[in-house]
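Peer 1: Letter by letter, the chains look like this.
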Amino acid sequence: MSQQENGAIRLTLNGREVEAPKGRLLIDVAEEHGVFIPRFCYHPGMASVAVCRMCLVKVEGQNKLLPACATQVDDGMVVDTVEEDAVDAQRGMLEFLLINHPLDCPICDRAGECPLQDQTYKHGPGSTRYVEDKRKYEKALAISELVVLDRERCVLCWRCVRFSDEIAGDAFIQLVDRGAGTQILTFTDEPFDSYFSGNTIQICPVGALTSKPYRFVSRPWDLETAPSVCSYCSVGCPITNEQRAGKVVRCQALPNEEVNSFWICDKGRFGYHYLASEERLKTPLVRGAHDEFEATGWGAAIELLASKLKDARVGVIAGGHLTTEDAYAIGKLAKKVIKTPHVDSRLQDAGTPYERVRALAGVAGSTATFGDLDSAETIVWAGPDPKETLPVAFLRVRGAVMSGRKLIVVSARASSLDVFATEVIRTPAGGEAAALRSLTDRLTDDAVICWGPSSPGRAEDATADAAIALAAAGGRRLLVLPPHAGSQGMIDMGVLPMLDAGYKDSAETGMDTLAILEAAAAGELDVLLLFGADPIADFPDRDLARRALSSKVFTAVVEILPTESVALADVVLPAAAYAERDGTFTNLERRIQKLEALLPPPGSAMAPWRIAQRIAAALDEDWGWSDFHAVWADIKKNVTSHASVDAETLAPTRGVAGPEGGAYYDAPFLPDPGTNGSVVAGPGGQYPKGHRAGAPFQSGQNWPLSWELRSFEARQRPGFVPEATSGRLDDREGNRESPSEAEPAADADAGALQLYTGRFIYDSGAMVSRSAALLRLAKRPFVEMNSTDAARLGLAEGDLVTITSGDAAHDLELRLGDVGEGVVFVPYDQPGFKANELMTGTGRVVTVAKASAPVAAESGAQP
Amino acid sequence: MPDPVARVVTERGEVRIVTRRMRAFPDDSWTIARAVEDGAYEAARKAVTSMTPDETIELVKASGLRGRGGAGFPTGVKWGFVPKDVFPKYVVINHDEGEPGTFKDRELAERDPHGVIEGITIAAWAVGASKAFIYCRGEFALGSRRLDAAIREAYAKGFLGKGIFGSKFDFDIVLHRGAGAYICGEESALLDSLEGYRGQPRLRPPFPAVKGLYGQPTVINNTETVANLPAIVDQGGDWFKQWGTEKSPGTKMLSVSGHVYRPANYEVPLGTSLKEVLQMAGGMRDARPVKAIIPGGASAPLLTSVDIAMDFESLKDAGTMLGSGAVVFMNDTTCMVRNALITTAFFEHESCGKCTPCREGTWWAVKVLERIEHGEGRPEDMDLLLDIANGIDGRSFCPLGDAASWALRSNVTLFREEFEAHVAEGRCTFDGDFKVLAGMRATVGDAGVMPQPGAGVSSDRPGSHDDEAAGRPGENA
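Chains as they are written, first to last, in this note's numbering: chain X, 1 to 863; chain S, 864 to 1340.
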């Protein structure tokens, strides 16, 4: 928390004179000096409310005890936290809290990591004098798909209520009734429908809020924990992965004031189930004589691939969820070993001109950090809806606005930022750049421009140029928002056709993703190498991607799960997922943070950089890397922008993932854009690892309700729309449809509109869709336009409409919304609908008309 | 105009500064015709048209007027805390008179609403507020109707609204009815309630004078306090100070109730002895002896003697407080265990639930008191009750918890033998009808506490929880 700090003062703490910045909260100052004052309601990430009265301490000159969480330190203050009256208050408060606590620790998930337990042991009475009956409530209320509430255990600290209201801004959970009948509850018929609900579980100081997926799964002392970084979006929240019996069973936020404060989104918290999916690729596969996959060994698979690569025309496409080391290895393999310039890592953001950002400070990435949002006068947001795609960035922006920053949102569709934005500029189709240009003279120099590709498949050049120009105009800072956890690492390591590692121009500009796929489809390539890339699902032209992969080109795919692209491959190489390997992610600030391996990869899967190294070795290039430190040694030597990164001290995020928040760590790294330098990790920190010794990991089949079973149950529920083709390795023929070469509708006829799309937090992505709890929360697909356009076309809210692009058409339910003129919005990848089916060629003009027939069964569009 | 002193002094010892009009014209004192004929709004006119705000503040400071809501803070000093250069500012009238036994503000608003409005106008002029809110206790049906009507009348006469009394001072009053929560009489909870939130006390600092209603500087005054202002502006501070004591000048409305012949509001000079007050109220019913007196509302620790002066200092020295001026006389037929139970159950019911000690401590104390009253007390229960009181006192978020602990502690301390007799005899040593209590507790249950069969809530099954819980205390740890 930022406190008003007016220089250092001295105070006496338990007889010891200590120094502290004036105005800091006593509870924090004490903790920094080794005195932990017990607390329940206080949380360093939120404003103090002083309701639990657990932190009462004696301050000389005050006739009452003062709550340390609401007392600012002052010069000459004499504080005694172990004075008789204070100790009596602490003991008394615990006795009060326990009279109505059910003490069902033996069946409580929180037991073992419970602040109420711990503080009772330390400060509480050993027994009670309460002999009457306790307060009774219905136990284990499921208040959402993810959160279970037990009001009997609740100590009414308000942390969850305050988080929802103050931090997330969606106050779904509230206090009801009063006095001893006060309860935490959601509103009738309104579930706890927040993208951030899991944080309330983590900060709950008792077991009142528990995680539905984690309920009764493990005791905390049976968990082994490793610090990591969330592998979904490019915010790069530090998290813990926690495993029992060989499966990750829980992820929690690790505090880092610089990045995520104390919070993560529910996708990051609950989206780990894919790691233990039965569908994980465990062994290399090659297409056999009967066009079916046959398991093989690494040697044979690599040899086959290497034989195809020799003297071949090769295109390489990488995905956004790979680590920085993978990116370096892929770039090196492609450009140095295979010697092809046709390398790209942009799929849903295909064509985004990240390299132009170098005009600002020489780096193809952000010149601002999240911290800059808090101090800038104005924030301009011209990117995707952050709540859906970069959820914790949404919290950062919201927090900045709540503390007085101005926010100007430039978008063609209403976003989650609009409700608290100072100004919203709703642009017509294609009007973002003009809107940004109009801001040039209205902003002071103290502004942060946030720009990122907001609508997969739309050309970003004009918007990018306008954002860069706006930033350049006043020495303002730019926060670039690439989509995925690994996206910035790919840019940094030169997995782009126009850039080499270290933001240097490529000697020879190669083909980008679109050109590579077109070339493949036209038979102008021999080999297509996909590293964690699924062009069919992600590239904004599904038809082209399918044609490219179905062509004669030899396709090798490095993947963790059987994607649609895997189904069309000739060689499949199984990869380790992020929790199964050491490495780093580079987030959208270009902050490099370390992941630690918690589990071995399934089967013979291995980290993509190892796979790249084996391919290189088969092509007679020996890189000699033994571990990720060795990769970094190579990076330091060859990538000037990253020369200062010290892999040995590249520390994991330090801190304890617990309800207390723990100590947040010293900010690691951050390359100074001015000097083109890069990335320094914080000092080495120690993370308390779970006890590995003597805890043999069983197969996990002892568990009465396995994740597979849960997933299975979820699929039996009505309303669940399974993906049509993903994961089927045997229907390659079915996918070999004759490509259609339809031209996009050129003329703006009566129904012609520009197609905008956007991803939602819970979509049909290969990873998140393996988490049954989250997929159940996925929004149904729909089509959205504004009421004027709808009226012009004779359409009304709720109509079933046909959206047509070339030969592709889809029936969806129409919603009227706040979108710009001439804009039609569809979600990019929701169950039952893939927007990239409508994206053929470069045209993004579609027609919308009332559906001629009643709901088509295959549309999957259910109300 | 008749002699201003003679107008207010009565033969029985009352000095009627704020109650004069209502007593003089019992049939129509609340109408604007009668009020104006009686001189209403002249003081407000004088302040607004001929005095500066600073002069008004100085006058009130000089009068020594202290807040009549309970805390007794000097009114003029409170006004002085309001920053001069921050606008808008608000005046909020705490008319949420919820202290058990208190009914003075209620009568003021019902019978002399124009006196109240005039006082509010003077307060607003002094602090520079152009808007005032009256937070009226929800249960005050007649009072709120009369206030509402009086505000309309005042607007019609130009005493409220744009440019009142022909000046450039625009002043509006908004009447807001509460929803029946005692805690909303706590000033910061009142502000939250007024803003539409849960009525719960706020963390201080910032204090309302700096950051109050809607985050703006706000003066919160009690109804009786502002009702004194017209007389002070009219007659001056020295005139006001001729009554009362040096540190507690003026008069105080005392709401007298209990085992007396004539329970009513009596306005007496501060410092009047409690014995005189009892005489005004006609003495003890049936000539039974006084056993205990609540001198200042349910929060105030008990007195056992009437030989005390009723002013802020004397009562504080006696370990209790003048509070809201609710005086409840109890005779020797009163069961003090039941008194403690009723009082504590009130605070338990009205606890907002925000802080641990008040929420859990009052709940626990009620459970213990119920057991004792129902003959299930244990010898250690008296010390337990005192421990609970000590655990709340000074540690709760707002004074509600403190008040609950003071009342509880004074009952147990002063009448410990009676508690012990209940325990020793295993029954209430007085005649009594438990049903009344049972009904009261059932209401608490309805509010969400979920009474359990045999939890001491259903008093028709006394002892039913005995074997389940009392014998195995360890299981309830």
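If you are wondering where the hints come from, they were derived from the structure by calculation, not from laboratory data. Some hints here could point you the wrong way.
When the alpha-carbon atoms are kept at most 30 Å apart in a straight line, the in silico DSSO-like pairs for lysine-lysine are as follows [what the hints assert, rightly or not]:
| id | chain 1 | residue 1 | chain 2 | residue 2 |
| --- | --- | --- | --- | --- |
| 1 | X | LYS139 | X | LYS247 |
| 2 | X | LYS247 | X | LYS850 |
| 3 | S | LYS924 | X | LYS64 |
| 4 | X | LYS64 | S | LYS1179 |
| 5 | X | LYS22 | S | LYS924 |
| 6 | X | LYS247 | X | LYS336 |
These numbers come from a predicted model, not from an experiment.
Peer 1: If any of the earlier hints don't hold here, list their numbers in rising order.
Peer 2: Numbers 2, 5 and 6 - these are the hints that the structure violates, sorted from lowest upward.
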